[in-house]
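Engineer: Going down the list, the sequences are from chains A and B.
Residue numbers for the first sequence follow this note's numbering, beginning at 108 and rising by one.
Residue numbers for the second sequence follow this note's numbering, beginning at 136 and rising by one.
Heads up, a few of these hints could be off.
[Unchecked claim] Ranges of calculated distance between the beta carbons of each label pair, as one might list FRET restraints:
1) A/A295 to B/N453: 48 to 54 Å
2) A/K161 to B/N328: 40 to 46 Å
3) B/I420 to A/D246: 44 to 50 Å
4) A/A132 to B/R305: 55 to 61 Å
5) A/G121 to B/V635: 51 to 57 Å
6) B/F402 to A/D246: 57 to 63 Å
7) A/R301 to B/G323: 47 to 53 Å
8) B/I420 to A/A132: 35 to 41 Å
None of these hints come from the bench; they were simulated from the model.
In this text, all values refer to a predicted model and were calculated from it rather than measured experimentally.
For every residue, glycine included, the Cβ atom is placed at its ideal position computed from N, Cα and C.
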Amino acid sequence: MTLLVVEGLNKRFGGVVAARDVGFALEAGQMLAIIGPNGAGKSTTFNMVGGQLKPDSGRVLLDGQPISGLAPRAVWRRGVGRTFQVAQTFVSMSVAENVQMALISWHGQILSFGARAETLHRPQALDLLDLVGMRADADRPVRELAYGDVKRVELAVALASAPKLLLMDEPTAGMAPKERAQLMDITAAIARERKIGVLFTEHDMDAVFAHADRILVLVRGEIIADGRPDEVRTNARVKQVYLGDMGVAAAMRARRGRA
Amino acid sequence: MDLSFIVIQSLSGLASASSLFIIASGLTIVFGVTRIVNFAHGSLYMLGAYLAVTIVPMMLEVDRSLPMFLLGVLVSALIVGVIGAGMEILLLRRIYKAPELFQLLATFGVVLIVQDLVIKVWGAVEIPGPRAPSLRHGVFIMGERFPAYELFLIGAGLVVLAGLWLLMQRTRFGVLIRAATQDREMVGALGVNQAWLFTGTLFLGAFLAGLGGALQIPRVAINTQMDISIITEVFVVTVIGGMGSVPGAFIAALIIGQLQAFGILIFPKITLVLVFLLMAVVLVIKPWGLFGRPDAAAGRAILPEGILSLKRFGKGDNVVAAVAIAVLLALPIFGDNYMVKVGIEVLVLALAAFSLQFLIGVGGIVSFGHAAYFGLGAYAAGLLATKGGLAMEPALILSPLIAGAFAALFGYFIVRLSGIYLAMLTLAFAQITYAVCFQWVEVTGGDNGVVGVWPSSWASSRQVYFYLVLAFTLSAIIALRHAIYAPFGYGLRAARDSAVRADAIGIDVARIRWFAFTLSGAAAGLAGGLYSFSKGSIDPTMISIPMSVDFLVMVLLGGIQTVIGPVAGAAAFHSIKDFFMPLTDFWRLFLGLSIIAMVLVFPRGIAGAASLLGRRNTPAPGPAPVGSSP
Numbered sequence: 108m109t110l111l112v113v114e115g116l117n118k119r120f121g122g123v124v125a126a127r128d129v130g131f132a133l134e135a136g137q138m139l140a141i142i143g144p145n146g147a148g149k150s151t152t153f154n155m156v157g158g159q160l161k162p163d164s165g166r167v168l169l170d171g172q173p174i175s176g177l178a179p180r181a182v183w184r185r186g187v188g189r190t191f192q193v194a195q196t197f198v199s200m201s202v203a204e205n206v207q208m209a210l211i212s213w214h215g216q217i218l219s220f221g222a223r224a225e226t227l228h229r230p231q232a233l234d235l236l237d238l239v240g241m242r243a244d245a246d247r248p249v250r251e252l253a254y255g256d257v258k259r260v261e262l263a264v265a266l267a268s269a270p271k272l273l274l275m276d277e278p279t280a281g282m283a284p285k286e287r288a289q290l291m292d293i294t295a296a297i298a299r300e301r302k303i304g305v306l307f308t309e310h311d312m313d314a315v316f317a318h319a320d321r322i323l324v325l326v327r328g329e330i331i332a333d334g335r336p337d338e339v340r341t342n343a344r345v346k347q348v349y350l351g352d353m354g355v356a357a358a359m360r361a362r363r364g365r366a
Numbered sequence: 136m137d138l139s140f141i142v143i144q145s146l147s148g149l150a151s152a153s154s155l156f157i158i159a160s161g162l163t164i165v166f167g168v169t170r171i172v173n174f175a176h177g178s179l180y181m182l183g184a185y186l187a188v189t190i191v192p193m194m195l196e197v198d199r200s201l202p203m204f205l206l207g208v209l210v211s212a213l214i215v216g217v218i219g220a221g222m223e224i225l226l227l228r229r230i231y232k233a234p235e236l237f238q239l240l241a242t243f244g245v246v247l248i249v250q251d252l253v254i255k256v257w258g259a260v261e262i263p264g265p266r267a268p269s270l271r272h273g274v275f276i277m278g279e280r281f282p283a284y285e286l287f288l289i290g291a292g293l294v295v296l297a298g299l300w301l302l303m304q305r306t307r308f309g310v311l312i313r314a315a316t317q318d319r320e321m322v323g324a325l326g327v328n329q330a331w332l333f334t335g336t337l338f339l340g341a342f343l344a345g346l347g348g349a350l351q352i353p354r355v356a357i358n359t360q361m362d363i364s365i366i367t368e369v370f371v372v373t374v375i376g377g378m379g380s381v382p383g384a385f386i387a388a389l390i391i392g393q394l395q396a397f398g399i400l401i402f403p404k405i406t407l408v409l410v411f412l413l414m415a416v417v418l419v420i421k422p423w424g425l426f427g428r429p430d431a432a433a434g435r436a437i438l439p440e441g442i443l444s445l446k447r448f449g450k451g452d453n454v455v456a457a458v459a460i461a462v463l464l465a466l467p468i469f470g471d472n473y474m475v476k477v478g479i480e481v482l483v484l485a486l487a488a489f490s491l492q493f494l495i496g497v498g499g500i501v502s503f504g505h506a507a508y509f510g511l512g513a514y515a516a517g518l519l520a521t522k523g524g525l526a527m528e529p530a531l532i533l534s535p536l537i538a539g540a541f542a543a544l545f546g547y548f549i550v551r552l553s554g555i556y557l558a559m560l561t562l563a564f565a566q567i568t569y570a571v572c573f574q575w576v577e578v579t580g581g582d583n584g585v586v587g588v589w590p591s592s593w594a595s596s597r598q599v600y601f602y603l604v605l606a607f608t609l610s611a612i613i614a615l616r617h618a619i620y621a622p623f624g625y626g627l628r629a630a631r632d633s634a635v636r637a638d639a640i641g642i643d644v645a646r647i648r649w650f651a652f653t654l655s656g657a658a659a660g661l662a663g664g665l666y667s668f669s670k671g672s673i674d675p676t677m678i679s680i681p682m683s684v685d686f687l688v689m690v691l692l693g694g695i696q697t698v699i700g701p702v703a704g705a706a707a708f709h710s711i712k713d714f715f716m717p718l719t720d721f722w723r724l725f726l727g728l729s730i731i732a733m734v735l736v737f738p739r740g741i742a743g744a745a746s747l748l749g750r751r752n753t754p755a756p757g758p759a760p761v762g763s764s765p
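Using the sequences and the accompanying hints, generate a full structural model.
Structural biologist: If you want it as structure tokens, here you go:
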């Protein structure tokens, strides 16, 4: 069954149409990028899938079950992990504790008074940190980390609930170029290995064309292209309204680099 | 009720609305620009009234005419304006970036200082003011007599509204105020001299407060409780209208004025409750008030620096804790009666402060009305033991349950807000509780409270009661401390650190905050219950704003970022208070100055300062931790 099906999503903010009849599908293990100029409705679409926003109309199906209109925590329960454009972590806690919190919540122990939280699920937390290359920093306060590392911790947190779908809103925003490639490589490897579908938005065309299996181009709330990277790159409309000549050159470069 | 009666009643509602609006507009303008909720606004109002009862009679000596009366009122208001500007330069300027808890506390420090100064200068007795010449008669409206001065007040409110409109629309200063209310940073970035803008705003705000106060002198006898009684009403008006919105304050004042005028006919005892209920309902439906708009800063509470870090107890800490417990156990054996009494009070206050720290430090929920739950526990125990005829044991068990039930009720609304609106709502619920206990004389004994709340005979000796209190408070503190380290406490911290992230990993933020609020309220209620049996009586001061502030001071004194700080803070605060209060007539002045000094100099409290000293002596490895999130 198709992992994620989005049908006819609409959202207006006053007179502004942020999403018009947005629809797409995502298979398990696939990476789908949403790109588009600022204000195209990327984050809106994203937040409607993640539960942060309620669509005016349309449906979001996860494994055939409707999830649109549910609260973020309910969407998460059904197997959707997410990271944020500006990384959201628990700044008063250590790296490991951040991941442990997600595990504690996943095991339904958040209201428990019994155990000491810092010892709960620590081995699993360390395994997850290993996966994103942060195990060595497990006991450092998360607020001491460089921003790129915070983003990796966030990925580990999102993976803690063994999600079927990962939502990553601009996963590499604010990171140095080298860190960006690293993070995207890690994400892609995990997604393929664990058959996780990844939906991400991104401004960095290198990251998009190097890692996405499919690309969705959104302009003023409407999808103007949906296809494989080489299809999107050569799409005349996309070239005209978004990528421009420089963008296409970057896309070519990214493809070559990957091949 | 005939028509003429309704008209008269509604006119008198308009007159109070008009006074309320004049005062509230000042508070809301000051908040809009500086983002500080100025607790001392009520003090400025009171100063306006006191200055007017001094100045206006002098003016009337010269010529007994309405213009001289108005001149006197105006001069008083101008002096208050200057005082407000001075307050901005001396104090507010230094705390614009401070967490809102500190801002509220610092301005409350000013309230305390002004209270003592007013008593020193004018005395504690009520002062009747002079009547306004030419406005002493009544006007007949639909056959009913209505005081001319009240009509004049309605006019004055409209004049102030028109004046403010002109100021805001037609002058550069007004444009800057509106601009700063919308986006303070942008106004600064455009090169506006912020210092003058802020000082000018405070002058305007204080002038309006002073004007409101000075205009009251023919209506009410001037007294030293005017500040607190007006400030709560004005808070309600500005919160309902939307903080920073002058039209909002106007509409809200109209609503409140009418609600009071007609509410008093239907529910004479609980008009104050009606007013606060209205505020609670508005905040639930429109969390930013009728005309307020959400601003980026209001979405997230600015929390005190170095918020709770959860270090495990080291060896040294364990030794200190063990010694402290040993000293407590030995106190009734070696100490005299007085020491045991102080010991009981310290233990009770420590539990209350600890429960508040649990909310603020762990939950990031800055409650400005924690005395409500302490007081509810005390009243529950006291009333059950006297009027309910229960023994001490069941009364003590019921007191945290009843306080917890009320905390659950109030908290359900409170935890849905954040920042300054949350603080205001906690204050509002505390004032409702206070008002009910104060006004429901048949049950609560009103101002005098209830006496004869004595422990059971086996616990009637002070020494035995001390051990009882020690057992209860210590177990409650240990249980709460345990909760901080359990998943529940971590979940609460998670919700505080990032509500968005907490929600995205399945934590129901509102629910966990609600449970925490209830738990904390129950713990404070237990403290209150123990307190009422130790004092043998209950009275409304246990629920009052100063009590809430005392708790906050204890938490801050101990340091907000340590688990055990509030216990030390309660001990230090109560000992100091107990020692100094009998020695001086100026306890409030002293306390006010201390609060301000603490906020300015030691924002991290005793324990924070100690850990800072400790860190200085050991070389810090690695980079220093950053105070805020990226």
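Engineer: Next step is simple, just say for each hint if it's right about the structure.
Structural biologist: These are the hints, each one checked on the structure:
1. As the Cβ distance of A/A295 to B/N453 is approximately 49 Å, the hint placing it in 48 to 54 Å holds.
2. Evaluation of the 40 to 46 Å hint for A/K161 and B/N328 yields a pass: the beta carbon distance comes to about 45 Å.
3. Between B/I420 and A/D246 the C-beta distance comes to about 46 Å, which sits within the given range of 44 to 50 Å.
4. A C-beta distance of roughly 59 Å is found between A/A132 and B/R305, which places it inside the suggested range of 55 to 61 Å.
5. Range check, A/G121 to B/V635: Cβ separation about 23 Å, and the 51 to 57 Å hint is violated.
6. As the Cβ distance of B/F402 to A/D246 is approximately 59 Å, the hint placing it in 57 to 63 Å holds.
7. Between A/R301 and B/G323 the beta carbons are some 49 Å apart, a value that agrees with the proposed interval 47 to 53 Å.
8. Distance hint check for B/I420 and A/A132: the Cβ-Cβ separation is about 40 Å, which falls inside the suggested range of 35 to 41 Å.
Violation of the numbered hints given earlier is confined to hint 5; every other hint is satisfied by the structure.
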